[in-house]
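Residue numbers (the working numbering), protein chains in the order written: chain A, 1 to 328; chain B, 329 to 659.
Source of the hints: derived by calculation from the structure; they are not laboratory data.
Residues of chain A placed beyond 10 Å of chain B at every Cβ, according to the derived structure:
1) R76
2) Q98
3) R130
4) R147
5) H154
6) D224
If we take Cβ atoms under 8 Å as the criterion, some of the chain B residues that face chain A in the derived model are:
7) E384
8) S385
9) S525
10) V526
11) N532
12) R556
13) M590
14) D597
Idealized CB from N, CA, C, for every residue including glycine.
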Amino acid sequence: MTEPVLSVRDLKVQFVTRRGVLKAIDGVSFDIAPGEVLGVVGESGAGKSVTGSAVIGLIEPPGRIAGGEIRLKGERIDNLSPEAMRRVRGKRIGMIFQDPLTSLNPLYTVGEQLVETIRTHLPLSAGQARRRAIDLLAEVGIPAPDRRIDGYPHEFSGGMRQRVVIALALSAEPELVIADEPTTALDVSVQAQIITLIKRLCAERGTAVMLVTHDMGVIAETADRVAVMYSGRIAEIGPVRDVVKHPLHPYAVGLMGAIPSLETHADRLVQIRGAMPRLSAIPPGCPFHPRCERAFARCAVDRPEPLDRDRRKVACHLYDEAHAEIAS
Amino acid sequence: MTETPFVAVRNLRRVFDVSKPWLNRMLEGGQKQYLTAVDDVSFTIRRGETFALVGESGSGKSTVARMVVGLMPPSAGEVVIDGVPINDPRRAADVRALRRRIQMIFQDPYASLNPRWRVERIIAEPIRAFSLSASAREVHERVGELLTLVGLHPADGDKFPHEFSGGQRQRIAIARALASKAEFIVCDEPTSALDVSVQAQILNLMRDLQDRFGLTYLFISHNLAVVRHMASRIGVMYLGRIVEIGGGRDLFVRPQHPYTRMLLNAVPDIAMTGRLREAVQGEIPNPINPPSGCTFHPRCPFVFDRCRREVPPLEAGVACHAVAEGRIAAA
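Chain A with its partners taken away, still in its complex shape:
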């Protein structure tokens, strides 16, 4: 097996507040292979964005990485100095955020921002960098890039702005791109264009992608593998087709059933009772047990560790060998 681009082991992120320590991420492990798209889904507060922020070293105090390892091509990046991390960010890890208007500086032209980013990371002259910026804009599908490069962000529509952000993220040929809800602010017709674009560009370059979104549809279309997060942990991770079509973890089962689909028509949607617990009140044992239809005594006491099941990992006692024996 080839070496993964990104390898996260037992990551823990905590926020220290006056009322105690909130565990936003509690023991998350995953790998992303070169050219692979890993989808990270979950509902608000599941910790999917915090996971992304931890990887690019953007956890702000009072938050901190409390444990675990993050490796980029085998090299630890979670303990780098802020200065060293700044060089990794942008150069080796590109970022695409939800709102393209806030990730672009409104006072500079698109070209100035692209040239600055390119010259920060690559040894090019201003002229070379500008030519490269024009090529990048053409590649992300901006019409008349030689003219548009001198436009300001407000002169671009939402979809076009997101294309600029993608060009910016890819400008230094990163090994990994973290896309945090890249299409959430866009209309469906534009959303499809952007998804196709991210997927195509990263496949061509062999860039690994961590795609964070709450939209299962986007994941099903784009990702190779998917991690379903709940209360700061990964409930299930595996090939996207397996997880979407035949989810194992009861939370994943509920989540998939709750999504109305165009293709299949159900009279009632699957309903998970209750809501995700607050970070200040994560139940002991399995965090999902108070809402789980299939919970048993052990779920309230013992925290389930990820178990290998087919080609995936599931954190649920239902799939524990011991339980399987008792049940049979």
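With chain A held as given, fit chain B onto it using these hints.
Then chain B, alone, in the frame of chain A:
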């Protein structure tokens, strides 16, 4: 069931003045500018039915919703609910009586509930406004009933909105809509701000309440899958006009208008049927200077001369010259 529709919207139109202020126009020059948000929209809703309007941002669906509940007067056209034209000053008394029967649920449950009021007062407001209950005790009991109905506890009436999650707040908004014994509820993106598992809870609740009270819904959403799940008939809007209207099944299985086809094609779906996706062209144009003729023509793969000149009328549920002339085969 009677033949007359419960809600009839006829040739609705709404124009907004988006000109610069008078002084700026005098100093800098420039004409008055108008934006036609809704143009020639007609549809009917039968009693007990869910009719949905779906479209992307700027398509005018929320403006239609506001005009239907009477929050905004139309520039032209009329809204008739149970035989009463709601913008006719001569029928003011009837309109007042009708008000109680129409309610609205908004998208953002954080903005649509008064944060300084206790939940009981929020839900009791319509009961008091329409003098539906005589004594304070009756009001209190009724609020308790309503809270139970939407899956909350009667004791929750003593809390403030900030003590509830988004889904629970939307339940409170639904309880408030039901408080006046409403028959027709306009829902503007009621689940767009919610997580999927919570969205499922709210959609199921809305359906249960419809079955129980025979409610009529006008459901506005940008999410095609949600619309498909909820509505029996659907209108697809593009730049202020309905481009296609039809039964839920037909529209999703055999979309006719090129825009509907494009939209359905663009939706990422978890069914993963492996259907081939066509890349969607372009974005919605600026509604201040919409394209001539059919407003979809710059993005349409079937465009020809006539589309650039004439606005296609809505005939047999589709507003498209190419479909009318039989130049596109049914999907």
